[in-house]
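Taken in order, these protein sequences are the chains called A and B.
Numbered as in this note's numbering, the first sequence ends at 176 without a single skipped number.
Numbered as in this note's numbering, the second sequence ends at 788 without a single skipped number.
Derived from the structure by calculation, the hints contain no laboratory data.
It should be emphasised that the depicted structure is a prediction, and the values quoted were computed from it without experimental measurement.
Hints are not guaranteed to be accurate.
So, partial list: chain B residues that the calculated Cβ filter (under 7 Å) puts toward chain A [unchecked claim]:
hint: 1; residue: Phe66
hint: 2; residue: Pro69
hint: 3; residue: Thr79
hint: 4; residue: Asp83
hint: 5; residue: Arg416
hint: 6; residue: Ala417
hint: 7; residue: Asn421
hint: 8; residue: Pro518
hint: 9; residue: Pro647
hint: 10; residue: Val689
hint: 11; residue: Val690
hint: 12; residue: Glu691
hint: 13; residue: Thr692
hint: 14; residue: Glu694
hint: 15; residue: Glu695
Straight-line alpha carbon distances no greater than 20 Å define the calculated PhoX-like cross-link-like pairs of lysine-lysine that follow [unchecked claim]:
hint: 16; chain 1: A; residue 1: Lys99; chain 2: B; residue 2: Lys519
hint: 17; chain 1: B; residue 1: Lys519; chain 2: A; residue 2: Lys48
hint: 18; chain 1: A; residue 1: Lys84; chain 2: B; residue 2: Lys727
All residues carry an ideal CB built from backbone N, CA and C; glycine is no exception.
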Amino acid sequence: MEDRVVPWQIGNIAYSTHAKVLYPPEMARVINRAKRPLIVVGSGLTEKLELNLFDYVIELSKTRNLPVVASGNTYKEFIARNFKPVAILGILELINLIKDQNWRGFDGKGQYDVLILLGIFPLLANQALFAAKHFASIITISIDQHYEPNATFSFSNSTVEEWKENLNELCANLKK
Amino acid sequence: MKNSIMKNYDKSTTSDLLIKGEGLEVYIGEIAEETWKEEKIGPTPEPNVTALREWDFKLLKRYPPFYSPVCDLCCLCTTGKCDLSKGRKGACGIDIKTQQARVSLLTSCMGTSAHAGHARHLLEHLIEKYGPTHPIDLGLNIEVEAPLIRLVLGIRPKKLIDLRKPVDYVEKQLIHLMSATNIGQEKSHLDFESKALHAGMLDLIALEVADIAQIVSLKMPKADPEAPLVDFGLGTVDTSKPVVLCIGHNVLPAASVAEYLEKTGLNDRVEICGVCCTAQDIARINPKAKVIGSLARQLYAVKSGIADVIIVDEQCVRTDTMEEAQKIKSVVIATNDKICMGLPNRTDDDPDKTVEELVNGVIPGALILDPEVVGEVAVKAALRLSDQRAQFKKLIKKEELIELAKKCTECQMCNRACPNNLPVYEGMRLAKEGYLEKLAEIYELCIGCGRCEVECKTKLPIISMLSKAGEKSFKDEKYKLRCGRGPIQDVEIRNVGRPIVFGEIPGVIAFAGCPNYPKSGKELVEIAEEFLKRRYIIVATGCSAMSLAMHKDEEGKTIYEKYPGNFDAGGIVNLGSCVTNSHAAGAAVKIASIFARRPLRANYEVISDYILNRIGAVGIVWGIMAQKAFAITTGLNRLGIPIIFGPYGSRFRRLFLGRKDLPENWEIYDYRTKEKMLGEPAPEHLSCVVETKEEAIVMAARLCIRPNDTAIGRKIKLSHYIDLSKKYLGETPSDLDLYVRSENDIPITIKEEVLQFLSAKGWKPRKIPLDPTILDPAKLHPSLLRPE
Ligand code: SF4
Ligand code: SF4
Ligand code: SF4
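The shape of chain A in the complex, shown without the other chains:
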């Protein structure tokens, strides 16, 4: 078993299968290799407007033309920035689609292979990733500030400054 990073929320322990911590360049490699990556974002973006996470997600999306699902209450803010997410959908409803191998995606071209999560209410992200871990065959990547044990890959716990650096480095390493 790999070395374990302590989850940020102290109750979230005792998993047998837990996320591997990746540094931004390694994470970028996973995303660069993906054939059909998808981003999903949640209410954390609207709560931390001062961090400009909307602009960040738009930039991230533009690198590889990654579709974005607007969960929580995020769609409006994207539209205000002239960016159109591919769907408005709750995170668990999205995972419900992702766990069905026959689902053809939002564009009808097939199931996604990598799901990148940012800003979902932590407890809910945790549950969504639990469902994905057990019932979907997708690689999940958490790029939130704190370690997310149920993802396939996650950043480790960090300060806001470190996290922003991680985010920027991830973006810089994505293929244009």
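Given the coordinates of chain A, work out where chain B with the ligands should sit on it, guided by the hints.
Then chain B with the ligands, alone, in the frame of chain A:
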């Protein structure tokens, strides 16, 4: 009655002889059911575990269970722990999905047991006190007194003792359900879920028994839309007086305090207040009682030190109540066999002797199982303790708070412990400099779990610090709550049945559940008010009903002061404590039976099918903590009522999610023509989770859509759905084409816009079932649909 509630019941169980009091009261026979001649018994009286399996499977096919485990492991037997991740099976052969379904059944059974235990305790006490033949009279305007009992058992209870049969039935069924969770029993996740749905149905029966029994015996409001407005909030308690604080769900001990105060003329000398559902219910008996608030305020109320005596009854009582009470030198009286707290049993002792022991610290608390004794002991002890405890009734001083904050080591463990990610550490940092605003903000958002305090290695009294910081709102916590009115009148059902079923009243939205909200409870008020302005009917119960009272508008009015309390468009109805969730379900059943005249008696499938396809009702359970809430929602699901959970709902592991992208999942019959046709995803889910209030609002509008809506009704529902989606999410709903059956459904004012949207989607009109059902018409005997 002393220790004897359950003993007496054991002796007289379903027998036909019951002796009461000193004189002899003999009651022969329990339910004279044969008097119900007008309505033929339906196909499923007292359904056993598998009797409604076919109905469940219909629901489960449309709404397959979606699982989000909370652990990779199973640790339910000694061979484990078993790792069920990555497709592994446990030593007993179970996989992760089936294990989740098993836990779903377990959770449902836990909740149902709690309610059934409550119902039994209450009922037996009330039978003993008021007599077995005490009539079930819910007021002039209620003939269908127990819609759920009629529906499930096929009986019409007339007297208190008639309520025994439903409780007997629930208890027996529960044993079979629990037995299926033992190792080596049920194998299929769908069958586990069918059983969980069965448990949910039983839960609602238990709730109905409990509330009917207490309304008819304890003089609670009987379906009164103008039930009194009562004082609500921590700030309403006069702490200069002796204070008795009641916590829990079973109103009997609190009722005995109220009775004792009345009897001894001490009403104005002693404050009686409550937290959680006991508070709601005591206010239904004594409008002078103060309702402090929901479960989220329990720890705050106890730690505030205002209570001289703390009475706990059952359910939702914090396990550390005794420990916390000792810190503030309050005494605790446990009153129920479910919560004895290790305390010495003083039920049969002389009350004055017990008071003496409590006041002198000989015992920290007492177990008193006879509610009639509790009132006397609690009041006498509070009167004696109040003065000597004065020092504990104060908040800490601002200077003390700042000094304490200075001890904070900034380890951030409090933040990491907080289930809502509240920035306690940041609050402490600012408090060191004398700025308390951040901590005050946290007080507003805190769900009172106390985990931060447990984790703090410096042992800072974080809750007390938050109370001080939030002092202004703490003191200002004075609101008006309309006290629980109990069931909906038959006449109200007659008035709204048609507009609801045809869709002209766009929906009924019921707020239920616990107060562990993802953010402020104010969001609940915002959601409710959005729908009230749009003339939906709002129903509320339990802690949600209390949270709805916890905010005032600019004019200082709470939502209960602004909107009427009747079950009609634009009305907000506080039904009462958690047990009144049965009346929310009962109202839906009554619409089918009173307005649509569907035979009700033991006709579960037909009635549920009616509700699913015609009654635009949806529950919003914005917080959920207790297993009981899971059982309630599962029971509503079986009846065809969808539920929207806040984020915490995902932690109960199971949802019933529909797939609107798969048209074949939505096939429906038209009973009139017996034709099978493609239907619409209405309602889309049977239970789902959303992250934000914006999503909840739009989801609620969507889940109110039903196949039976008339074109006028559908126009109204769609205009709200479109408008709310634009307002809160920023766009016309992308699934709009699925809900427009013909051009007649399109709201006139936005017809052009909608037509454009539809043409881009390649939309075509489709057939509308005149008499929509998911039951196979070939198997439906007409007598099940129309009274003979
Ligand atoms: S019940 Fe089954 S899965 Fe659970 S611990 Fe026992 S053997 Fe393992
Ligand atoms: S008591 Fe309040 S602040 Fe503390 S952990 Fe619980 S919710 Fe968070
Ligand atoms: S846990 Fe206690 S010491 Fe640590 S940051 Fe929080 S309040 Fe300060």
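* Satisfaction of the phenylalanine 66 of chain B interface hint, Cβ to chain A closer than 7 Å -> OK, holds: phenylalanine 66 of chain B within 7 Å of chain A, min 5 Å.
* Would the hint on proline 518 of chain B stand, with a C-beta cut-off of 7 Å toward chain A? -> At 6 Å from the nearest chain A Cβ, proline 518 of chain B passes the 7 Å test, so the hint holds.
* Asked: With 7 Å as the cut and Cβ atoms as the points, is glutamate 694 of chain B at the interface with chain A?
  -> Hint holds; glutamate 694 of chain B Cβ to chain A Cβ min 4 Å, cut 7 Å.
* Interface hint for proline 647 of chain B, Cβ within 7 Å of any Cβ on chain A -> Check passed: Cβ of proline 647 of chain B comes within 4 Å of chain A, closer than 7 Å.
* **Interface restraint verdict for proline 69 of chain B against chain A (beta-carbon cut-off 7 Å)** => holds (5 Å)
* **Hint status (Cβ of arginine 416 of chain B to nearest Cβ of chain A, threshold 7 Å)** => holds (5 Å)
* To do: Go through the hint on threonine 692 of chain B and say holds or violated, using the shortest Cβ distance to chain A against 7 Å.
  => holds (4 Å)
* To do: Using 7 Å as the Cβ threshold, decide whether threonine 79 of chain B counts as touching chain A.
  => Where the cut-off is 7 Å and the nearest Cβ of chain A is about 16 Å from threonine 79 of chain B, the hint is violated.
* Asked: Between lysine 519 of chain B and lysine 48 of chain A, is the straight-line Cα distance small enough, at 20 Å or below?
  -> holds (15 Å)
* Under the criterion of a CB-CB separation shorter than 7 Å, is alanine 417 of chain B in contact with chain A as hinted? -> holds (6 Å)
* Holds or violated: glutamate 695 of chain B as interface residue toward chain A, Cβ cutoff 7 Å? -> holds (6 Å)
* Asked: When you check the alpha-carbon spacing of lysine 99 of chain A and lysine 519 of chain B, does it fall within 20 Å?
  -> This hinted pair is violated, its Cα atoms lying about 29 Å apart.
Hint compliance for this structure: hints 3 and 16 are broken, all remaining hints hold.
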